[in-house]
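**Student:** What follows is each chain in one-letter form.
4 protein chains.
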Amino acid sequence: MRIGFLGLGNMGRAMANNLVHAGHELTVYNRSRRSAEALAAEGARIADHPANAANQEIVITMLADDNAVESVVFGGHGVLEGMPRDGLHISMSTISPDLSRRMSFAHRERGQHYVAAPVFGRPEAAAAAQLFILAAGAKEALAKAKPVFELLGQRTFEISERPEDANMIKLFGNFLLTCVLEGLGEVFAVARKAEINPNTVFEVLSGTLFGAPAYKNYGARMIEEKFSPAGFKMLLGLKDVRLMLEAAERLSAPMPFANIVHDRFLSAIANGYGDLDWSALALVIAQSAGLSRTASEIRFDAAD
Amino acid sequence: MRIGFLGLGNMGRAMANNLVHAGHELTVYNRSRRSAEALAAEGARIADHPANAANQEIVITMLADDNAVESVVFGGHGVLEGMPRDGLHISMSTISPDLSRRMSFAHRERGQHYVAAPVFGRPEAAAAAQLFILAAGAKEALAKAKPVFELLGQRTFEISERPEDANMIKLFGNFLLTCVLEGLGEVFAVARKAEINPNTVFEVLSGTLFGAPAYKNYGARMIEEKFSPAGFKMLLGLKDVRLMLEAAERLSAPMPFANIVHDRFLSAIANGYGDLDWSALALVIAQSAGLSRTASEIRFDAAD
Amino acid sequence: MRIGFLGLGNMGRAMANNLVHAGHELTVYNRSRRSAEALAAEGARIADHPANAANQEIVITMLADDNAVESVVFGGHGVLEGMPRDGLHISMSTISPDLSRRMSFAHRERGQHYVAAPVFGRPEAAAAAQLFILAAGAKEALAKAKPVFELLGQRTFEISERPEDANMIKLFGNFLLTCVLEGLGEVFAVARKAEINPNTVFEVLSGTLFGAPAYKNYGARMIEEKFSPAGFKMLLGLKDVRLMLEAAERLSAPMPFANIVHDRFLSAIANGYGDLDWSALALVIAQSAGLSRTASEIRFDAAD
Amino acid sequence: MRIGFLGLGNMGRAMANNLVHAGHELTVYNRSRRSAEALAAEGARIADHPANAANQEIVITMLADDNAVESVVFGGHGVLEGMPRDGLHISMSTISPDLSRRMSFAHRERGQHYVAAPVFGRPEAAAAAQLFILAAGAKEALAKAKPVFELLGQRTFEISERPEDANMIKLFGNFLLTCVLEGLGEVFAVARKAEINPNTVFEVLSGTLFGAPAYKNYGARMIEEKFSPAGFKMLLGLKDVRLMLEAAERLSAPMPFANIVHDRFLSAIANGYGDLDWSALALVIAQSAGLSRTASEIRFDAAD
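Quick note, the sequences are listed as chains A, B, C and D, same order. Numbered per our numbering, the first sequence finishes at 304, counting up by one with no gaps. Numbered per our numbering, the second sequence finishes at 1304, counting up by one with no gaps. Numbered per our numbering, the third sequence finishes at 2304, counting up by one with no gaps. Numbered per our numbering, the fourth sequence finishes at 3304, counting up by one with no gaps.
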């Protein structure tokens, strides 16, 4: 199939790679050309502008945020302009439900199809085609997208016929991850002040009620204090919780937990941690409890 | 072994039952005699007062809260008084680390041994001997308690030599459960206002990053809105988050998430939900978002 | 002087009236023509579009929010287009510092002058020329605006040479007012639950440390429960706290109190109170404490 | 009149001084004798123990906290024991409504009278007999206490016949003060990050809607950053907001603003600011916004 792919960051590059290796004719576009060239070496064609990349049976966007998507899709020589009638746009970026809905309308007006398909998973999962894909849109469009999803992920959830629902659920997931970060962060700060080994705490929690990937991944990172290189940066975490809060505000729904983590991100960024992994919220929490040293400088006596 | 058991509520009754069926000579004490009589029918002896029940090789307490433990242990004809020199007290109640430490000192002064061993698990898990046990205390005391733990639980975590550490970690666990309740509650409220089926949301979340018992049990309860009969009452949830906040305050550690859930519990209780399951926090959250009807009155169109 | 005036809501109408009565040649513009006609009867000229009203020595805008200002100023036939070189735009609306800064740049590029001059005061204060005016901009521009300010307010604060500073301080003021609403609301809810007469509480507080207009006005309203007609609507309160939070976010500064009141406004609006006076936050607070009845239904025994 | 006075801290000493200078026969008691000796030089008699000081027509307690009051009143050789039948106890300490109620019952059982009369005012106001007194109790008891109040304060508010109501309102006042601290602190942090002179902000706010002592005193302190010597220490601020939260919890009333300031106090104390003036909350707020330097190190350009 002829597929266009826009956005070759850490995630997009890995995904595009899987498509080209599966034999699809890929046309890629990226703001900075260098990432595109790596894919060209694998057989992809490089487009000069978004419209060019979009002039395919299927075009996939995997971009950083609402602004990037908005300019690439609605801008001059953009996706909307470039897509053929009956083409399909699969939007896999983490963006606001509101922008997703606006794209959905704009495509429909032009006789184009649109599916929102944000994902859960880090770059390694993308490379291993192990993403979880949350797909929403008209049934026929979902059916057409299915072979693509099968090349990119381990499982696809069909959410509903309204594309924006998938974007909302993606925000829910990231919001709940930040709740895990804050919850664990508070627990570890108290543990350290009580001179209880965070490792012991973590072993008990993840061995009983909290044995999910969210806790295992981030609990381990917090305890090892490996905040750099970032798997997911503070600045991106802030972006997503802001999208969550904006979506909730439109619906007049208070989200006090989201406020707390939003403030933590602001504080983290104000204190210079913007490029650390978002699990470094634990540092900000520890400092608010007067723990200026990192935990690793404290000695714990093992229980046995 | 001769074992005393004080506190025959839903949890204690199931645990005592397992001990008596394993062939131990059990002497039980309960404030209201009726629960004790059921165990007497299984072969347990009934004590007139705590001291009497405590006059054994091992005495286990499984009581409602700090006040109950304090009066049963330190009061006249209490556990401290009744225990023999060299006896072992296993405190399995969910109580403050502070009270646990005070008991530890008091027993040591009298040449008695003390282990804190709070548990994770509901009454059904207690009945099935599937509890998780968090045990802390001196090594020899833990060794002596081990056969008892093996009859009561599926796994024992040895925490440290300081009994109060086990109580603190128990509070951490319950605190993180309340964070799950609040997080899911906020998500479901927004989902309902966005007319997204909470079931779909739940399926995605528990099928990806949040596949732990904490999410599965409470997410399902929230969606089914089965808040009564309570598995764990609001009023007990309030008690435990209060213990968490008090312990954190002594250590000068702020816990903003704990404050949020503490306020939710107060609001729930003020609005008459004190005897509902603590997952009914979802109701209070929904009402704060203007959702006066329960979700089940809203119709959702399935995605397929 | 020839003055243009755009925006004839409750505030603008009263202010424009003072200008026309002082003998200025006023040209007015309002989206709905009816308000303009009332002023025409007093001697004002009605403009067909914003550019027309802006083609004067001085043009004043007093509009509802950022969107209104943005379209009236930057839109076709807008203020930017209509103002003469060397004209002066006095922006008195409560808007974001960011939009104020953008207007400041846009005017400068065209050789036009710009002053931000938001106000404190309700419509009655505007009618009585008793507003407090927070003015910021270049010195010469402020000097030129001075005679206008003297006709509209009781006192002008010259803030700085950066227009956006005045807008920020206006947001500070409204934010602190919402803190007074929340603080008093929490106090009154606890007082009612403790069966203490809120009147007594209010008399003590306003007679000692809190004798400022902010407390006196809103405390009295809360106690009398006169939430309608609104002096300042919930929906406007929400708008202003949102502007405050957005401005703070750009600066990476957490504002936890602003989050709390933001959530209260959302909850108020979700529960149908959007058109009540913003002091009706007290109702939402009371309900969160389980006080479903209004205070006036509760009988208090007087102290004497 | 023969008056006993217990508690000669900064406040108590100044108050006792006023009483002895007005010609009353004063018997004083203080845990550390040195403060008592200064008063003896002015003509007061020193009691050996609380009961001795309490054996007068009127006994006044002005102690640090609930624990101090509880041990001095209920302990052996305590106030309860020492007071004559028909004696009057005036409790002026800032304590929990709950303890006040318990004292009220205990005195009634012994045929003794009890008035709660906490005050607003710092030591200088106490010395100048300019305190505000919040008095509650039976009418005859209040009448008997009146001459004492006239020697100590500028104005007495008669609250109700229930002593604990006065203690609750005192907590309300201190809670609202902490809200002023937090509100101003957030505003000043944002102002500094926006490079707006906090002085300008303060002049506008206190010159318009917020011209009350609470704002004037603390705003000035924050801007001057004179946090030491403390007028009122962080640790005392924490104590009072804790009492507020405990009283609200008993009534099942959430107080989210109180939670925020409670956390700020914990953070301040954890970071070593426990002995600074409570207005140093501004420092903690500034740090959470990444402002590690104090404001005075930042240069502001004056508006004129």
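These aren't lab readings, by the way, just hints derived from the structure by calculation. Mixed in with the good hints there might be a few duds.
[Said to hold, decoys possible] DEER-style ranges, computed between Cβ atoms:
| # | chain 1 | residue 1 | chain 2 | residue 2 | range |
| --- | --- | --- | --- | --- | --- |
| 1 | B | G1272 | C | L2151 | 38 to 44 Å |
| 2 | B | R1033 | D | R3250 | 29 to 35 Å |
| 3 | A | K216 | D | N3010 | 42 to 48 Å |
| 4 | A | P213 | B | G1272 | 51 to 57 Å |
[To be verified] Cross-link-like lysine-lysine pairs, in silico, DSS-like; alpha carbons within 30 Å at most:
| # | chain 1 | residue 1 | chain 2 | residue 2 |
| --- | --- | --- | --- | --- |
| 5 | B | K1239 | C | K2239 |
| 6 | B | K1193 | A | K139 |
| 7 | D | K3216 | D | K3193 |
| 8 | C | K2139 | D | K3233 |
| 9 | B | K1216 | A | K239 |
| 10 | D | K3216 | C | K2139 |
| 11 | B | K1144 | A | K233 |
| 12 | C | K2239 | D | K3216 |
Treat the numbers as computed from the prediction; the structure is a model and nothing was measured. Cβ coordinates follow ideal geometry from the N, Cα and C atoms, glycine included.
**Student:** Taking 30 Å as the top limit, are the C-alpha atoms of D:K3216 and C:K2139 close enough?
**Tutor:** holds, 29 Å
**Student:** At the C-beta level, are B:G1272 and C:L2151 separated by a distance inside 38 to 44 Å?
**Tutor:** violated, 57 Å
**Student:** May I ask you to test the hint 29 to 35 Å on the CB atoms belonging to B:R1033 and D:R3250?
**Tutor:** Distance hint for B:R1033, D:R3250 holds at roughly 31 Å.
**Student:** Within 30 Å, alpha carbon to alpha carbon, are D:K3216 and D:K3193?
**Tutor:** holds, 22 Å
**Student:** Within a Cα-Cα threshold of 30 Å, do C:K2139 and D:K3233 meet the stated pairing?
**Tutor:** With Cα atoms ~44 Å apart, C:K2139 and D:K3233 exceed 30 Å; violated.
**Student:** If you draw a straight line from the CA of B:K1144 to the CA of A:K233, is it 30 Å or shorter?
**Tutor:** violated, 49 Å
**Student:** Can you tell me whether the CB distance of A:K216 to D:N3010 sits inside 42 to 48 Å?
**Tutor:** violated, 54 Å
**Student:** If you draw a straight line from the CA of B:K1239 to the CA of C:K2239, is it 30 Å or shorter?
**Tutor:** violated, 38 Å
**Student:** With the threshold set at 30 Å, check whether the alpha-carbon distance from C:K2239 to D:K3216 stays at or below it.
**Tutor:** holds, 28 Å
**Student:** Run the distance test for B:K1193 versus A:K139: straight-line Cα separation, threshold 30 Å.
**Tutor:** holds, 24 Å
**Student:** Should the hint that A:P213 and B:G1272 are 51 to 57 Å apart at their CB atoms be regarded as holding?
**Tutor:** Check failed, 38 Å falls outside 51 to 57 Å.
**Student:** Are the Cα atoms of B:K1216 and A:K239 separated by 30 Å or less?
**Tutor:** It holds: about 28 Å lies between the C-alpha atoms, which stays within 30 Å.
Hint check: violations occur at hints 1, 3, 4, 5, 8, 11; the rest are consistent with the structure.
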